[in-house]
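Trainee: Residue numbers (this note's numbering): -10 to 539.
Just so you know, these hints were derived from the structure itself, not from any lab.
Any given hint might turn out to be false.
Under the rule of at most 27 Å between Cα atoms (straight-line distance), these lysine-lysine pairs were calculated in the BS3-like manner [as the list claims (entries may be wrong)]: (1) 287 - -9; (2) 146 - 81; (3) -2 - 411; (4) 462 - 366; (5) 410 - 287; (6) 2 - 236; (7) 266 - 236; (8) 462 - 21; (9) 66 - 23; (10) 236 - 212; (11) 311 - -2; (12) 23 - 48; (13) -9 - 2; (14) 411 - 525; (15) 178 - 48; (16) 411 - 236; (17) 525 - 146; (18) 472 - 146; (19) -9 - 411; (20) 411 - 81; (21) 462 - 23; (22) 2 - 472; (23) 410 - 81; (24) 461 - 472; (25) 461 - 366; (26) 146 - 48; (27) -9 - 461; (28) 21 - 525; (29) 411 - 366; (30) 2 - 66; (31) 472 - 462; (32) 23 - 410.
Values in this document were obtained by computation on a predicted structure and should not be read as measured data.
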Amino acid sequence: MKPQLYIQKTLEKALHSLGIDRIDPTWLNLDKPKQEGFGDLAITAAMALARELRQPPRKIAQDLIDRLELDPFYVEKTEIAGPGFINLFLAKTCLRRTVIDILEEGEAFGNSDWGQGNRVQFEFVSANPTGPLNIVSARAAAIGDVLATLHERVGFKVEREYYVNDAGRQVRLLGASVNARYMAELGHKTEIPEGGYHGAYLIDLARDIVAMHGHALAELSEKERLTRLGRMALDTLLAGQRASMDKYRLSYDRWFRETDLRQRQAHLQVLQIFAEKELTFEKDGATWFRSSLFGDEKDRVLVTSEGEPTYFLIDIAYHLDKYERGFAILYDLWGPDHHGYIERMRAAIQALGYSTDSFRVHIIQQVNLFRSGEVVKMSKRAGEIIEMDELIDEVGVDAARYFFVDRRISQPLDFDIDLAKKQSDENPVYYIQYAHARISNILRYAEEQGVAPSAEADLSALENDSEMDLIKKCLDFGQVISKAAQFVEPHRVTTYLYELANVFHRFYHDNRVVSEDHRTTQARLILIRATRQVIKNGLTLLRIDAPENM
RNA sequence: GCGCCCAUAGCUCAGCUGGAUAGAGCAACGGACUUCUAAUCCGUAGGUCGAGCGUUCGAAUCGCUCUGGGCGCGCCA
C-alpha cells in the first residue's frame, strides 16, 4: 500500500475513535510541508476540526496522535508543530519498498482508477478547415491531448474528437476565395470576396488545381465551380491539418463532420425538444431560444428569418449527439474568441436536460510568439499567420509540446522561440531529457562493467538523504497526475518533471552509482531504474521523447 | 457599459480546494570536472505577493472596492 493511503486510512480510524462519525474528506488531506525539518507529510485535520469541536487545535492534534496507530514500517516519527500540524516522517523501510513498487508497476506507475471507467470526451482544436493550423491550435492540441491522456491515467475511458466545420458560410467563402485565385491563375481577374481568405496557401492550392485540371473548371457555371473548388480546397486543407496533427504525435479518435449533422437534419430534433418544453418563440420571422431563462444574457436565434439554422443551433445538435453517444462528461476546449459563447451553450445543455456539471468548457488563452525579444505580429485577415507546422519544424515537437503545456491554460502564453530552440541548460526540456539520458548511460556503463541490476538487491543500502529525497519525489508522481487531471492543470506535470530531474541531478552529483561497493551499486542501480521509469512515464504522457542518449 | 482571464524577484512563471520562514528557472556574482555525460551541481544576492478594506486563530490563496493590462459581447462562424 502507498504510504499516503495507509496514513489516510489510519487517520480515518483515529477520527472514528475520537467519536467523529461524519468525516469530511478534506480532513484527510495530507499537506506537503514546504519547510525542511517539518517531515514529509502533514495532517491538518486538527486545525480543520478546531471550530467544530471548539477545542484548541494543538489539543486535538495530541488526541489524534494518541489514537493514531501508525506502523513504524511506514512512519518513523510524528510530531505536533505550529498551530496544530501533525508532521509525519516517512520511514526508510517503506520508501525503499516504493522503489520496488515503481519497477513492478512499470508504465502503469502513477495511474489510478477514480475515473471508474466513465466515458469522457475531449473536443479540442476544431479549427475551421479554411486554412492551415496556427499556433493557437498548436497550444490547444498539446493541452487537449495531455488532458485526455491524464484522464486515461486516472481511469476514465477517453475519446479525442475534432469537430470539422465543413458547412456554412465560411466554406462558401473558401470556395469563392479559391475561385478568385484559380481564375487569376488562368488570367481572369477575380476579386476575393468580402470576408474571404487571403492567405498565400490558397495561391499554391489554385496552382495545384490548375496543374491537375487545367481550365476545365472554368467552363462550369459559377455556382458549380464554387462548389467544386470549395470541396477540393476543404479536402486538401483538412488533409493538411491531419498531417500536422500526425507530426505532432496527436491522434484523434474521430473527426466529426458538421455536414453529417446537416444531412441528418439533426437540428430538427433540438427544435422539437425545445418546442415541447416551450423554450422557443417566433419573432421577426426568426425562431428564438429562450436561453435567458437559463442565465444567458439574452435570447438567441436558432433559425434565421431566411430559414437557415444558425451555427449555434447546429452546435446544440452536435452536443446533443455527444450525449447520445453516451459520454458522461464533455470537455470542450475553446479559443478566447468564443468566450461570449459559453453561457448560451450552457443554457442549451440545461434546456436539453443535461447537468451543467457534465459540460466543461475551458478557454485556452492566446499565444504570443517572441523572437529575439520581439513579438511576432500576426494578422489573420491579411493571411499572416504563423503556422503550426512552421513552429514545429523550427523548435521541434518536444519543445513545442512542453512549452505549450507548461503554463496554466487560463493564462496567455508567451512563447519564446529562441529559448525553445536552445539546446542548453536554459531549456527545461533538455534538462529533463538529460536526466533520462544520464540514467540510461549509467545503466549502460554498469552493464559494460559486468554489473547487472539484480532483483535480489539489498535496498537497505539506500540510506542517505539524497537517495531518500529521490524516492520521495518519485512517490509524488501519482498524486501529481491525479491533481493535474482533477483540476484540469496539465502544467503540474511539467513542473513536477522538472523538479524530479533536479532531485535526480543532485543525487547524481552527490553519489557515485557504479562503485567498488557491490551492495550499494546494486541498490542504486535499482533506484535509478525506478527514477528513469517515472521520468519516462511523465514524458510519455506528454508525448515527449525520452532519449537514451544525448 | 456588461462578462471572463490576469497582476507574485530585473525577466518568464510556480505556489491559490485558507496553514508554518512565499519558491523555481533565466539574467548577475562566486565556487565545483583525474570520476557513471559540466546539457550537471553548490552558494550569494534579489519581494510592501498591484492598492485598500473585510472574513478568520491564520490570507499570495476567500469576499468586496479600486487601479492597471488582455480578451469577449451579431438573425457571423
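Trainee: Hint by hint, note whether the structure agrees.
Mentor: Results of checking the hints against the structure:
1. 287 - -9: Since the Cα atoms of residue 287 and residue -9 sit roughly 52 Å apart, the hinted pair is violated (cutoff 27 Å).
2. 146 - 81: Measuring from Cα to Cα gives roughly 36 Å; hence the hint is violated.
3. -2 - 411: At roughly 47 Å apart (the allowed maximum being 27 Å), residue 411 and residue -2 break the hint.
4. 462 - 366: Since the Cα atoms of residue 462 and residue 366 sit roughly 41 Å apart, the hinted pair is violated (cutoff 27 Å).
5. 410 - 287: violated (47 Å)
6. 2 - 236: Status violated; Cα separation ~52 Å.
7. 266 - 236: Cα-Cα ~47 Å, so violated.
8. 462 - 21: Roughly 11 Å between the alpha carbons, so the hint for residue 462 and residue 21 holds.
9. 66 - 23: holds (18 Å)
10. 236 - 212: Distance ~36 Å between residue 236 and residue 212 Cα, so the pair is violated.
11. 311 - -2: violated (39 Å)
12. 23 - 48: Holds, because 23 Å separates the two Cα atoms, which is no more than 27 Å.
13. -9 - 2: holds (17 Å)
14. 411 - 525: holds (22 Å)
15. 178 - 48: violated (87 Å)
16. 411 - 236: holds (21 Å)
17. 525 - 146: Holds. Residue 525 to residue 146 sits at ~22 Å (cutoff 27 Å).
18. 472 - 146: The given pair, whose Cα atoms are some 18 Å apart, holds under the 27 Å limit.
19. -9 - 411: violated (39 Å)
20. 411 - 81: violated (39 Å)
21. 462 - 23: At roughly 13 Å apart (the allowed maximum being 27 Å), residue 23 and residue 462 satisfy the hint.
22. 2 - 472: The given pair, whose Cα atoms are some 25 Å apart, holds under the 27 Å limit.
23. 410 - 81: Outside the cut-off at roughly 41 Å; violated.
24. 461 - 472: OK: residue 461 and residue 472 at ~17 Å, within 27 Å.
25. 461 - 366: violated (45 Å)
26. 146 - 48: Not satisfied, since the Cα-Cα distance of roughly 45 Å exceeds 27 Å.
27. -9 - 461: Cα-Cα ~12 Å, so holds.
28. 21 - 525: holds (24 Å)
29. 411 - 366: holds (22 Å)
30. 2 - 66: holds (19 Å)
31. 472 - 462: Judged against 27 Å, a Cα distance of about 15 Å means the pair holds.
32. 23 - 410: violated (33 Å)
Violation of the numbered hints given earlier is confined to hints 1, 2, 3, 4, 5, 6, 7, 10, 11, 15, 19, 20, 23, 25, 26 and 32; the remaining hints are satisfied by the structure.
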